[in-house]
Every structure is written in C-alpha cells, then in structure tokens.
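Student: Each chain, written out:
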Amino acid sequence: MQRKLSLTQKDALIGFGLILPSLLIILGISLQPILSTLFLSVFESSRGINVERIFVGLGNYTALLSEQLFWVTIGRTLYFTFVSVGLELILGLAIAQLIHSHPPGWKFLRTSLIIPWAVPTIVNGTMWRWIYNADYGALNGLLLQLGIIDKYIPWLTKPDVAMNLVILADIWHSVPFIALILQAALATLPADLEEAAAVDGANALQRFLLIRLPLLRPAILVALVIRTVEAFRAFDLIYVITNGGPAFGTVTISYLTYLETFSFGNVGRGSALSFLISIFTLIMAFIYIRVLYRPEEN
Amino acid sequence: MKKTMRTLWQVLLVIPVVLFIYLPVAWLVISSISTRSELLSTPIHWIPQQPTFQNYINILVPGQDASEVAKTFRITLWNSLLVASSVTVIALTLGSLASYALVRLRFPFRQTMLIGILGTRMIPEISLVIPLYLFATRFGLFNSPLILIITYLSFALPFAIWLMAAFFNTIPVELEDAARIDGCNRIETLFRIILPISAPGLVSTGLFVFLTAWDEFFFALILTSTVSAKTVPVAIAEFTGRYVVDVGGMMTGGVLAAIPPVILSLIFQRYIVSGLTAGAVKG
Amino acid sequence: MKAIRSFTILTFALIVMASVIGCAPQQPAGPVTIRVLSMEQAGATVDEMNAIVGEFNTANPDIMVEIEYVSYDALHDKITTSMASTPPAYDVFLADDIWYAEFSKAGYVMDATDRITQDMRDKIFASAWDITSVDGKVYGMPWLLDEKYFFYNEKLLNEAGFSAPPTTWEELVEQSIAIKEQGIAEYPIVWSWGQYEAAICDWVILLYGNGGSLMDANGAPAFHNEAGVETLNWMIQSIDDGISNPASISYVEEDVRNVFSQGKAVYAVNWNYMYDLVNFNTDESQVTGQIKMALMPAFTGSGVESASINGSMGFSVAATSPNKDAAWKYVEFLTSEDVQNRYSAHLLPIWQTSFEGENLTKLEGYTPANATTVPMFNVQFPYAHVRPKVPYYPEASKTLQLALQEALTKQKTPEQALNDAAAKWVDLAK
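Protein sequence lines, in the order shown, are assigned to chains A, B and C.
Count the first sequence with the numbering used here and you get residues 1 to 298, in order.
Count the second sequence with the numbering used here and you get residues 1001 to 1283, in order.
Count the third sequence with the numbering used here and you get residues 2001 to 2430, in order.
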C-alpha cells in the first residue's frame, strides 16, 4: 500500500505522523483555555459567582483600542521589547563568537552562562530591586566607590530610568539564552566553508559577515522570535522590581492584563487584552519570518 | 607571537563578560550569608564581616526555629526536579520529531503550523490559568505534579520545536541527501545522521526547556497548594510576608535553586563537545 | 514507523491515565474536612497557627481542619481562582480588609451577620467590625488588627536638641530643618509612597490628618478638593526640601524599615511589625534600643488630632463551601477570646476584654515589644480609618496610586492628577 505513494506523499504522511503527538498535546492543553478566553472577551463581566454577563461583541476590543492608556502601554512594551531583545542579540552574538573561538576558560564561561537563567525569576527580581535601592543598594555603593557618582541616586523614582534598569535586569537574565543558542548553532556549522574562504583571502570580518552570519540566520531568527514573544509578554521581573511604577512608567501590556484580570476582576477586558497581545506578537513573528526566513534555499 | 596576541585579546574580552555575569551572582551569594543589619550598611560591606550560614543551615538541616518555607524547601526542590525533568524528556523526544518534520519534510500548511504552534505561547498565561485550574479540579489533578507536567508541556513543546528547528536548519541538506542515496529512509536519516549531529542543539534545547520549567511560577502557584506538588519558585515566594521580606532566606533559596541546573549543564557539557567532534568528522 | 506508534500510544496512555484519576471517587469517609487558606508571616507564626488547628481538631473529632499557607502577594489571586470551582478549593480563607467589598459582591464570602452574637458585638472593637463589614452585613471575623504608627529615633532626635517628637506635621518640618542643618540625617523622614497600596495607606494618614477624606457619605470621591491638593503639595514640597527621602516614591513598607533601621532616618511611618524588628533585633537593625512610638501627627488647624490607617484582615467562610457550619465553627474558635488571649505573642487580639486587667498584663508581657506596642495600639486605634468599602476598590486604589505618583514625579499638577483620579472613580461607580 505504502509503496504506491509518491515520495512527496510519503513525506507528508511521515511529517503528519511525526507532528501529531506534539500537536495533540499542545492543542489538548491550550485549545479549551484559549476558546474560553475568546468567549469571555466578548462579554462585559466582572469576576464572581453567578455574575451577569452582558454581551458586548467587539466592545471590549474597540474600547481598549480607543484608550490612550492602551497605546501608551503598547508603545512602552515595544520599547522594552526592542531595546532588550536588540541588545541581547548583539551581546549574545558577541559572546557566542567569543566562546566559539575557544579562549582560555571557555568551558567555564559556557557553564557560567547558565547561572542567570538558573536563578529563579522571583529571586532575580528581588536581587535587582535590592541592588537598585537608593539607600543601601549595591549599584550606588559600587558607583560611589568607583568615584562615578558623588551622592546616592534614587534610581527607581524616574519612569524612564526605572524602565531602562528593568531592561538591564532582563538583559542579564536573557543574554545567556541567545548566546548559548547561537554558540550551539555555531558548533553545528561546517568548518570547511570558512577555511576555504580564509584560503581565498577573506579577512575575519568578511568571513563573519558573508559566511557565518548567513549560516546562522535560522538560529538568529528562532532566538529572535522566541525572545520577542517572551519580552512582549514581560511581567514577572517588572512586578517584582517596580510593580509597574513609578507613575505607570514600567507598566507593560502583560502587566495591564494582570491588573485587569486579577486585580480588578474585569474578566472581559482582560481576555480582550490577551488576544490583542497575541495578535501583536503574531504580527511581529510574521514580520521576522518574512525578513529572515528563506526556506527555498534548500 | 600572533597566537599570544590573539589569546590576550580573547582574555580582555572574556573578563567583562565574566564580570557582567558574576557581579550580580556574587552579590546574591553575599546577601545570602549576611545579616540584614550588615547588608544595609553604608558604605557597603562587600565582604561580610560576620558571615552567617544560618540561612543555609535552616534550609539544608532545618531545626525547630526554621520557618515553614525553609523546612519544606527540600521537598519542593524534589518536586521541581521531577516536574522539570519529565517535561524536558517528553518535550525533547516529541519536539525533535515534530521539529524535523516541520523543517525538512514537505507537506501542506507546514509554515502555518510552525507559527501556529508558537501562537499558543503568545497568549499570556494570566488568561489561561483559570480555565486550566478548572480543568485540574475537574479531573482531580489539582495539586499534583502531573498537572504541572501537562500544563508546562503547552509551552515547553512549542519552545522545543522552535529551538530544534533552529539547529536542524543549520545542517546542510546535502548531508541528508547523501544518507538517503545510501539507502536510509527518512526516519533512519533522522536517528542516524541528524540527531547525532544536532547533539549540541539537543542538549542546549533540553537545558533551556528544563530551565523554563524550573523557573515557572504562575501556573505552579495556582495549580498547587501543598508540599506534595509545590515547586521551588512558589516556595521561595513564601519568603515574602505581608510586609516583611526575608531577603536572606530568599537569596539563599535562589542560590540553592540555581545549583541543580548548573550541575546538569556540567554533566551535559561533555555531550556538547562530543557532538561537535561527531559533526566535524561526518561533515 | 514503530517509533511513531509508540509515541501515539504514550500520548493516549497519558490521556487515559488523566481521566482515570479524574474519575476516582472523591468522598472521604470519616470527619468533614475543612480546608483553610492562610498566609506566611501573618503576625501569628505558622507554628502558632498549626497549634491552634491541632487544638481544634482534638476538640472536634468530627471536623478535620487542614491549613495551607501562601505569600501575601499570592493570597488574593489564590482566593479568586479557587472560587471558580465548585466546591471551592478552600472553605475558609484569610482576606485583607480592602477585598471585602469585592468579595461580597462577587459572592465569594458567606454572609455571617446572623451568626454574630450580641456578646461578640459588645466585646469586640467596633472598628474591628468595620474590616469585615460591607453595607451593614458582616462577612467574616476580624483578625490581626493592625494600623500604621509614627516611629521616631529618640537618640537622634535628642542629638538634634529636641526632647519630644512632633505632634503636628508642621512641627515635624521644623524639627527636620534643624536635623538637616546639624547633619544628623540627610532625609529625616522616610515613607512608603511607591506605586503600591502602601502609598494609599500613607496618603490616608496625611489626607485625613488634614481634615480630608477619600469618599463622602454618598460614595462619591472627596479627595479632589483643597484638603487633598494641599496634602499632595505638602508631600511634593517635603521631597523638594529634602525632608522626605526622595526614594520614598519607589518604596514599600519594608524599604522604610530598612532605611529606618540603619539610623538613616529620624522618623518613619509603618505598621506594628516594625517595632520589634527595629528596636530589639540586632541581626536586623543598627538602632536597637533607640526607637520610640508616638501618636501620629496631623496638620495644624485641621481640627484633627491624629489620623492613621486601619490595615487589618479577617477570616471568612467561602459562600459555596459545602460545610459552612463546620467552617464557621473553626473561624469562631480561631478568633475566640480564649484562643486570642493565649496566642497573642505576634498579633493583637480583636477583643476589648483582652486589653483589660489581667489579660492586659499578660498581653504586654508576651514580648518586649508588646510592652510598647499594646498601649500604643489602644491610643492610636480610635484614629484609624478604614479605606472605602466599594467593590471596585482595587481599581480605584490603582487609579489613585497613579495620580499620587504622577504628581510626585511632576508629570501632572496635584490638582490635575487628583481631578483625573476622581473622574475615574465616578466612572467606576457607575
């Protein structure tokens, strides 16, 4: 029976077979919660037992889209996402390159990279909140002893400063992810291509830009997509370090969703926000893929 | 001479990276062995003058006075290990198969599927957690490690699939074609050629899936209630009271929670290196 | 293909396993189980709470209480989630006083009005009932009475040449100027004005101490007036003048304690918990033995002698609990005069009788800190204000926190910020 199938058909069959278990699990777990969130998003309702639900159609969505707070928050979230992911990519690529060139102690460095990820986020956040503290924080202590500042600075009292400090904490936590992914990708790259280029007289930078970077593109794409999705939904670190303050200066879109859903009990609005977040991330993922993904190279 | 210069440059670059990673870590460790009174002093005591290991003693060999969190910390550590490793094993096995199919095999909707799989990861867990709680109570899974394994798979699988896709994509197609000419079918190619070459990727993916599950907080908070299923992040969060934050205890928890993943990565370091050589030989 | 098949089988096995476990009967034989959700560091220690449960279980063989603890931060989310299932995961839970209006409207908490005896009404502090009451109905037993106090570092104050703490905020400013001039403290007072509920607590103290209030008798916002603007201006001015620690804008209670216990501030406003840790615990504090408490100051000419914030909690029974009677029995036991008198080393009782005669002597003797905090409680508690009992309080509070922060970070004028917040409150009440 199978012999009669063409190679492509056979591929398709195997393909579906390989994907099926994963798909079953993902859908089995997520489908119902996603559908119920979608359902809730078209009602105006507060949380509670036997509360009255008022059908509002797309009302929650249009209301959110017409609010200034929503767009300001989206703007802030985009800033957080692009600054942190951008810097993480640059630093991550540099660190991956460095490790790949096998400097003295590279194995130690590679293992060390795990640590920022291994420290639980809640501890991570508390640690940074403490480091940034105006009166007894390590940042002020260090900068003062190095002579960079002459007086302790209340870091977290200015919205833009607080935002950038949260980004710094996020970078510390997430650079290792990109660095390790790219380093592992570098390890799988064939060495002969570059050697050939070196023989042809290409210098290190040319070899990096023309050979290594294009080969790394799939890995960069994946790292970027995953990190962007994560960063756009950033919540935990912000909750612990600033609680969204000062003056909502670090409230991201996920934080707003948390406030609406859990703190305020505006279940409908919270669910609508969730879907708007998904749509935004989906759009960003598509843009990345259009720009970076070229499957027809195969 | 040129080699020495190169090494010198490398070392100059390694130092800031190491500092960037270790300065906060050092502060974490210092906080865990300082009394609060010393932690608060200005100018800062970079090296505690009266280091105390009481926080570690409380967690590792809890006495009568230790807090409830400290007493149960070891049990929650075990729960976390169980959940995170189960999730890793399942996500890696199923995920690499799916990933291979999505990257290398041609069939309808595969790109849509690749993005769709990630789509489930795009909805904030804040919105998913109440339906999942209801699911858990309906099936009697509330407060069991199993519900955490199941729900964590919902993000660990897409994560694994995407990461593995990155590595599979970097493997030249020619390699696979050569194997197929030698008479291997798809599945054989996957297991004999692709997976061995991707060992560094597999190990990295596994490590990251493990860490993501290890760090997860919100699902664990809502879906568990007692030490029979509570995980480390939830336990550590309990060092915060209504007003009091037991910073020393929390930092100690953080240091201890970071140790198992680091040990794991040390164990798997070897495989990353051997995967590298295997790939080089075949390539 | 073999591999695929085994994976499919594995997946199905997982699903089947899940449903089998799900079908297992869930009717335990024997005593009724009452599940209680409490929190870590809730005043009473976990050991004390467990001991009370032990006593109850021994005295009531037909009831089996199981108690669990979460962090305060997680408590609200845990309660609201667990109420989504029937029966709820918890029969009894600890609730903060600002959640009661929300919980009663959502139908989470059992109406216990008829279960409160006249004896309980008479002997428990009237303002304690405010915590668990919404619109005249009682939804639980008050527990863990707390309010904010005025703390000062007597040693530093004496060094500055003052023998008594300020009784008005104006006097505090005068003393602070002298303290600054002598270089005793760079910022004499530290507050918790971060974007948290803590900011509202501090603002209530200042606003009510200036004759203002958050809400009028009709439930309309009442803070966007002269009293409110004046208070907010005073806060901004005190930061500009270096009297209040500028980092207060990012601080919560614990930061206040940390700064105060370094001797970096002469005054602080905080809850009861701070006294023991700052004045008696050498591991935590560098100023042990130097700390005193005084009546919270108010503004001159406001006609108010003092104002503070009531930050207590209560134990309630879930409205959907299948075992309400047994659950209430436990709540009653936990908050009974007898149990409270015996377990008051770390929290203050709700019974007025606990503050009289022999009970008072015993209460004051439990810890060195109690000798100061118990008499201080008696003095300050009559001035403690409860935050508005409206179901939309969490959102109203966040709105007001934003307004305060916008004014403190000078993004808006106090008038503008308070007017915007008041408009939002009106919106929320609709």
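Just so you know, the hints here were simulated from the structure itself, not pulled from any lab data.
Warning: the hint list may mix true and false statements.
Computed cross-link-like contacts, PhoX-like style, restricted to lysine-lysine with a CA-CA straight-line distance of at most 25 angstroms [said to hold, decoys possible]:
#1 K1003(B) with K107(A)
#2 K2123(C) with K2362(C)
#3 K2424(C) with K2410(C)
#4 K2105(C) with K2292(C)
#5 K1002(B) with K107(A)
#6 K2137(C) with K2329(C)
#7 K158(A) with K2292(C)
#8 K158(A) with K2324(C)
#9 K151(A) with K2329(C)
#10 K151(A) with K2389(C)
#11 K2137(C) with K2430(C)
#12 K2292(C) with K2362(C)
#13 K2324(C) with K2105(C)
#14 K2389(C) with K2362(C)
#15 K2424(C) with K2389(C)
#16 K2137(C) with K2324(C)
#17 K2389(C) with K2123(C)
#18 K2137(C) with K2155(C)
Simulated DEER-style distance windows between Cβ atoms [what the hints assert, rightly or not]:
#19 Y79(A) with V2032(C): 53 to 61 angstroms
#20 F286(A) with R1192(B): 30 to 38 angstroms
#21 F1191(B) with P2087(C): 27 to 35 angstroms
#22 D2427(C) with I287(A): 30 to 38 angstroms
#23 R1192(B) with W106(A): 51 to 59 angstroms
#24 Q2118(C) with G57(A): 48 to 56 angstroms
#25 I49(A) with E2226(C): 27 to 35 angstroms
#26 F208(A) with P1016(B): 37 to 45 angstroms
#27 G2301(C) with I149(A): 40 to 48 angstroms
#28 A2178(C) with I49(A): 19 to 27 angstroms
#29 W106(A) with E2181(C): 29 to 37 angstroms
#30 I90(A) with I1015(B): 15 to 23 angstroms
#31 D2427(C) with F286(A): 53 to 61 angstroms
#32 L168(A) with Q1064(B): 35 to 43 angstroms
Computed, partial: chain C to chain A, Cβ under 7 angstroms [as the list claims (entries may be wrong)]:
#33 D2062
#34 M2064
#35 G2263
#36 K2410
In this text, all values refer to a predicted model and were calculated from it rather than measured experimentally.
Cβ coordinates follow ideal geometry from the N, Cα and C atoms, glycine included.
Student: The structure should be examined with respect to each hint, and the outcome stated for every one.
Tutor: Hint check:
For the hint pairing K1003(B) with K107(A), the CA-to-CA distance comes to about 19 angstroms; that is within 25 angstroms, so the pair holds. Under the criterion of a C-alpha separation no larger than 25 angstroms, the hint pairing K2123(C) with K2362(C) is consistent with the structure, at around 18 angstroms. With a C-alpha separation of about 20 angstroms, the suggested pair K2424(C) and K2410(C) falls inside the 25 angstroms cut-off, and the hint holds. A distance of roughly 41 angstroms separates the Cα atoms of K2105(C) and K2292(C); the hinted pair therefore is violated under the 25 angstroms criterion.
Between K1002(B) and K107(A) the CA atoms are separated by roughly 23 angstroms; this keeps the pair inside 25 angstroms, and the hint holds. Of the pairs offered as hints, the one joining K2137(C) and K2329(C) holds, with about 19 angstroms between alpha carbons and a cut-off of 25 angstroms not exceeded. Taking the CA atoms of K158(A) and K2292(C), the gap is near 33 angstroms; set against the 25 angstroms cutoff, the hint is violated. As the CA atoms of K158(A) and K2324(C) are separated by approximately 49 angstroms, the hinted pair breaks the 25 angstroms bound.
Taken as a hint, the K151(A) and K2329(C) pair is broken in the structure, with Cα atoms around 58 angstroms apart against an allowance of 25 angstroms. Restraint check for K151(A) and K2389(C): not satisfied, since their Cα atoms lie roughly 43 angstroms apart, outside the 25 angstroms limit. Under the criterion of a C-alpha separation no larger than 25 angstroms, the hint pairing K2137(C) with K2430(C) is consistent with the structure, at around 22 angstroms. Taking the CA atoms of K2292(C) and K2362(C), the gap is about 21 angstroms. The hint holds against a cut of 25 angstroms.
Among the hinted pairs, K2324(C) with K2105(C) is consistent with the structure: their alpha-carbon atoms are about 19 angstroms apart, no more than 25 angstroms. Pair hint K2389(C) plus K2362(C) does not hold up; C-alpha atoms about 34 angstroms apart against a cutoff of 25 angstroms. Under the criterion of a C-alpha separation no larger than 25 angstroms, the hint pairing K2424(C) with K2389(C) is consistent with the structure, at around 17 angstroms. For a cut-off of 25 angstroms, the pair hint linking K2137(C) to K2324(C) stands: about 17 angstroms separates their Cα positions.
Annotation: proposed proximity of K2389(C) to K2123(C) holds, straight-line Cα distance about 23 angstroms (limit 25 angstroms). For the given pair, K2137(C) sits about 47 angstroms from K2155(C) by alpha-carbon distance, which is inconsistent with the 25 angstroms threshold. For the pair Y79(A) and V2032(C), the beta carbons lie near 54 angstroms from each other, so the given range of 53 to 61 angstroms is met. A hinted range of 30 to 38 angstroms for the beta carbons of F286(A) and R1192(B) is consistent with their spacing of about 35 angstroms.
At about 50 angstroms, the CB distance of F1191(B) to P2087(C) disagrees with the hint of 27 to 35 angstroms. One distance hint, 30 to 38 angstroms for the beta-carbon pair D2427(C) and I287(A), holds here, with the actual separation near 37 angstroms. The hinted range of 51 to 59 angstroms is not satisfied by R1192(B) and W106(A), whose Cβ atoms lie roughly 30 angstroms apart. Between Q2118(C) and G57(A) the C-beta distance comes to about 52 angstroms, which sits within the given range of 48 to 56 angstroms.
As the Cβ distance of I49(A) to E2226(C) is approximately 42 angstroms, the hint placing it in 27 to 35 angstroms is violated. Judged by the Cβ atoms, the range 37 to 45 angstroms given for F208(A) and P1016(B) is violated: they are separated by roughly 20 angstroms. Remark: the range hint 40 to 48 angstroms for G2301(C) to I149(A) is upheld by a beta-carbon distance near 41 angstroms. Here the CB-CB span from A2178(C) to I49(A) is close to 58 angstroms, at odds with the stated 19 to 27 angstroms.
A beta carbon spacing of about 58 angstroms between W106(A) and E2181(C) contradicts the range 29 to 37 angstroms that was offered as a hint. A hinted range of 15 to 23 angstroms holds for the C-beta pair I90(A) and I1015(B), which are about 18 angstroms apart. Between D2427(C) and F286(A) the beta carbons are some 37 angstroms apart, a value that contradicts the proposed interval 53 to 61 angstroms. Between L168(A) and Q1064(B) the CB atoms are about 41 angstroms apart, so this pair conforms to the stated range of 35 to 43 angstroms.
Taking 7 angstroms as the C-beta contact cut-off toward chain A, the hint placing D2062(C) at the interface is violated, the least distance being around 28 angstroms. With 7 angstroms as the threshold, the beta carbon of M2064(C) stays out of range of chain A, its nearest partner Cβ sitting at about 26 angstroms, so the hint is violated. The beta carbon of G2263(C) is not positioned within 7 angstroms of any beta carbon in chain A (closest approach about 11 angstroms), and the interface hint is therefore violated. Among the interface hints, the one on K2410(C) is violated; its C-beta lies about 10 angstroms from the nearest C-beta in chain A, farther than the 7 angstroms criterion.
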